[in-house]
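Chemist: Using the sequences and the accompanying hints, generate a full structural model.
Chain order of the listed sequences is A and B.
Position 316 of the first sequence, counted from 1, bears residue number 321 in my numbering, the numbering being contiguous throughout.
Position 260 of the second sequence, counted from 1, bears residue number 265 in my numbering, the numbering being contiguous throughout.
Take the hints with a grain of salt, since some may be wrong.
Copies of the same chain look alike in the list, so a pair counts if it works inside one copy or between any two.
Here are the simulated DSSO-like cross-link-like pairs (lysine-lysine), alpha carbons at most 30 Å apart as the crow flies [claimed, not checked]: (1) Lys45 <-> Lys295; (2) Lys161 <-> Lys360; (3) Lys295 <-> Lys106; (4) Lys118 <-> Lys295; (5) Lys132 <-> Lys106; (6) Lys14 <-> Lys161; (7) Lys132 <-> Lys360; (8) Lys53 <-> Lys132; (9) Lys118 <-> Lys45; (10) Lys53 <-> Lys161; (11) Lys132 <-> Lys295; (12) Lys132 <-> Lys14; (13) Lys8 <-> Lys161; (14) Lys161 <-> Lys132; (15) Lys8 <-> Lys106; (16) Lys14 <-> Lys106; (17) Lys161 <-> Lys242; (18) Lys224 <-> Lys106.
Calculated directly from the structure, the hints in this document are not laboratory data.
Here are the chains, one letter per residue:
Number of protein chains: 2
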Amino acid sequence: MFKYDIIAKEGRARAGIFHTPHGDLQTPVFSPVGTQATVKTLTPEHLKELGASLVLSNTYHLYLRPGDEVVAEMGGLHQFMQWPNPMLTDSGGFQVFSLAKTRKIDADGVTFKSHIDGSTHRFTPEKSISIQENLGADIIMAFDECSDPNDQAYSKLAMERTHRWAERSLNAHTRPDQALFGIVQGGINPDLRAESAAFISSLPFTGIAIGGLSVGETKEEMHNALDIVTPLLPEHKPRYLMGVGTPEDLINGIARGVDIFDCVLPTRLARHNAAFSSTGRLNLMNANFKRDSQPIDANCQCYTCRTFTRAYIRHLIVAREFLAGTLISIHNLYALVNLVKDIRISIIDGTFESKVPEWLQTWQGNAARTATKAHS
Amino acid sequence: MFKYDIIAKEGRARAGIFHTPHGDLQTPVFSPVGTQATVKTLTPEHLKELGASLVLSNTYHLYLRPGDEVVAEMGGLHQFMQWPNPMLTDSGGFQVFSLAKTRKIDADGVTFKSHIDGSTHRFTPEKSISIQENLGADIIMAFDECSDPNDQAYSKLAMERTHRWAERSLNAHTRPDQALFGIVQGGINPDLRAESAAFISSLPFTGIAIGGLSVGETKEEMHNALDIVTPLLPEHKPRYLMGVGTPEDLINGIARGVDIFDCVLPTRLARHNAAFSSTGRLNLMNANFKRDSQPIDANCQCYTCRTFTRAYIRHLIVAREFLAGTLISIHNLYALVNLVKDIRISIIDGTFESKVPEWLQTWQGNAARTATKAHS
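Modeler: And the structure:
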């Protein structure tokens with residue numbers, strides 16, 4: 006039911022097709038994040054029109070609200086949110102560690118208090134898989150523990166727990182129409198990363214995720230971790246770099262052999278009036294745009310740029326009209342989804358490596374001032 | 006450039022075509038309100054898809070923000086908000102009286118303080134027309150004074166001032182591609198309403214608006230005012246009942262010879278999680294909908310009802326996702342726009358009067374709990 010075909014390679018960069026029950030994913034691919042079963046302010050039609058193929062949703066959030074059993078009763082997540090194409094759910098691990106009010110971790114799992122109402126809940130690998138089976142995404146994640154990258158002792162403990170939980174997640178997994186991915190942890194310690202990559206690769210997962218990056222480490226540390234991990238991964242399994250990232254991160258990640266990305270950055274920036282552009286990031290509330298009849302980015306072909314001026318979008322922001330967030334989200338998502346599509350074409354054409362310097366130069370202005378803890 | 010053809014009549018109800026520079030309006034017609042150059046949370050594509058033909062925007066709001074001169078520089082309102090079809094602007098009169106922080110009225114005009122920043126501004130008939138010429142809608146309004154319907158002495162004074170301002174608005178009007186409508190006032194006093202209808206009808210306006218209703222009077226008082234006014238109006242000018250209203254009000258207004266309506270009710274209700282339905286108004290946050298796999302209204306063909314369940318929309322509301330407002334706005338606007346389209350067909354078929362009782366019965370449950378002061 007799941008099959009990953011690599012159709013072209015250039016250096017470590019790969020272009021492939023991941024076959025899923027809800028259609029083929031052309032990789033590399035950037036996935037918009039629909040935390041609460043909706044990519045904020047957008048309809049599924051907007052997502053299709055901007056070229057999205059994969060959508061991520063969050064196990065932690067949907068377990069708490071509306072409840073994974075409600076989603077299952079409504080026919081699963083695809084049906085509930087009317088996204089007919091491939092979907093991915095995370096394991097809830099990251100959110101338990103980053104969002105929950107309090108948490109107590111033991112060898113068996115995590116007890117935590119909801120960030121919504123303070124109620125107490127418990128996640129184990131088995132519970133995470135059970136929730137994800139109720140949600141019904143095509144790609145699901147083993148339950149993992151994300152550590153502070155600067156705490157080496159904790160990174161080792163968290164990695165070891167993640168490995169036990171990976172085995173238990175595999176044992177708990179029952180639905181053949183869901184591809185279970187294991188997660189490589191190990192913080193920024195090269196030995197731990199190598200150990201984790203080897204261990205997770207040894208298990209019968211359909212794909213491999215790389216977790217615990219873009220959580221406060223430097224860009225160099227992220228690149229080093231990828232340089233250690235991806236060469237150790239099985240060639241014919243898709244690789245997913247969780248919660249990453251900026252346009253620059255996507256280019257660098259693909260160059261290091263990553264196939265799948267997700268990040269809240271495009272929609273979160275949109276809610277703060279910031280837009281990616283080929284001339285650097287723009288704050289669209291800027292008074293300079295009051296009478297600016299240009300689109301956000303003259304080089305962009307998205308609905309927003311084909312249709313509206315900066316002056317109009319600035320007016321919507323100043324007048325506190327929610328349509329501003331919708332229009333900027335469409336633009337920002339289009340920018341990343343289509344950057345990755347262009348990169349895919351270049352890998353197939355064999356021109357990727359020659360284009361990397363130009364892409365990095367075009368997009369690096371957008372990476373500045375980025376909150377990197379942008380997972381949910 | 007403007008021509009109004011009546012193509013069918015049944016009793017006092019009329020079906021017509023109002024030719025404008027941005028296309029033909031099939032009347033009767035319900036206009037969504039785009040107060041600040043956007044129908045809240047919707048793209049122009051949503052509006053086209055739900056069947057809207059006319060969109061209203063507010064002179065008072067756009068004068069204050071972003072400024073009518075900015076809109077003019079950006080090519081006018083159609084271009085600015087990318088609505089290629091007919092548009093209407095009000096005169097700003099109603100908002101000066103209902104929204105501005107303070108106001109001082111004299112024979113020449115009104116001095117008021119902005120509800121946004123308290124800054125002082127002055128509207129006169131000439132200024133209102135000048136702003137509306139900068140905005141560039143197809144249908145524009147004479148500057149008027151809307152009185153408290155229960156204050157008879159003030160109603161008379163306001164009506165007389167409205168009549169002087171109507172003449173001055175006509176004199177100030179220069180753009181042949183804009184149809185100027187005069188406004189009948191007179192509160193709920195039958196003699197004043199008749200006097201105002203006769204006076205405004207005597208002037209060379211392209212169409213006639215009926216103002217000062219749906220501002221706190223009873224339904225019976227509104228119907229009585231319409232029963233006095235519409236028989237006194239010229240047959241071959243379009244008639245616009247400003248700021249009205251509920252589905253019931255539309256049915257009753259059309260039966261009394263009204264051609265054009267606008268109201269913020271559909272979008273305002275949507276922001277409060279309330280939806281029109283053929284079984285009465287629904288509060289979609291209601292816990293009963295948590296596992297309800299039906300659409301908002303099984304009899305509705307809008308995008309929202311064709312696509313999403315009540316359970317999903319309730320989830321979006323509870324999770325505070327803005328998409329809820331978008332989806333309910335689409336539904337509520339579709340309901341009114343298409344109710345009026347169905348009524349138009351029935352007038353052409355000669356079945357309107359026979360269907361009124363059924364329509365009123367279907368829709369009256371939606372009129373309950375309505376804030377009637379719903380102009381902006």
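Chemist: Work down the list of hints and note, for each, if the structure agrees.
Modeler: To see whether the hints hold, each was checked on the structure:
1. Lys45 <-> Lys295: both (26 Å within a copy, 20 Å between copies)
2. Lys161 <-> Lys360: Classified as neither: same-chain Cα gap 38 Å, cross-chain 75 Å, threshold 30 Å.
3. Lys295 <-> Lys106: Intra 42 Å, inter 26 Å, cutoff 30 Å: inter-copy only.
4. Lys118 <-> Lys295: Only across copies: lysine 118 and lysine 295 sit 23 Å apart there, 45 Å inside one copy, limit 30 Å.
5. Lys132 <-> Lys106: within (19 Å within a copy, 56 Å between copies)
6. Lys14 <-> Lys161: Neither. Shortest intra-copy (33 Å) and inter-copy (82 Å) distances fail the 30 Å Cα cut-off.
7. Lys132 <-> Lys360: neither (45 Å within a copy, 56 Å between copies)
8. Lys53 <-> Lys132: neither (32 Å within a copy, 45 Å between copies)
9. Lys118 <-> Lys45: Classified as within: same-chain Cα gap 25 Å, cross-chain 36 Å, threshold 30 Å.
10. Lys53 <-> Lys161: The answer is neither: 41 Å in one copy and 57 Å across copies each exceed 30 Å.
11. Lys132 <-> Lys295: Answer is between: at 23 Å across copies they meet the 30 Å cutoff, but 52 Å inside does not.
12. Lys132 <-> Lys14: Classified as neither: same-chain Cα gap 38 Å, cross-chain 66 Å, threshold 30 Å.
13. Lys8 <-> Lys161: neither (32 Å within a copy, 79 Å between copies)
14. Lys161 <-> Lys132: within (24 Å within a copy, 72 Å between copies)
15. Lys8 <-> Lys106: Result: close neither inside a copy nor across copies, 39 Å intra and 65 Å inter.
16. Lys14 <-> Lys106: neither (44 Å within a copy, 66 Å between copies)
17. Lys161 <-> Lys242: Within one copy, since 25 Å is at most 30 Å while 81 Å is not.
18. Lys224 <-> Lys106: So lysine 224 and lysine 106 pass the 30 Å test inside one copy only (29 Å; across, 52 Å).
Checked against the numbered hints given earlier, this structure breaks hints 2, 6, 7, 8, 10, 12, 13, 15 and 16; the rest are met.
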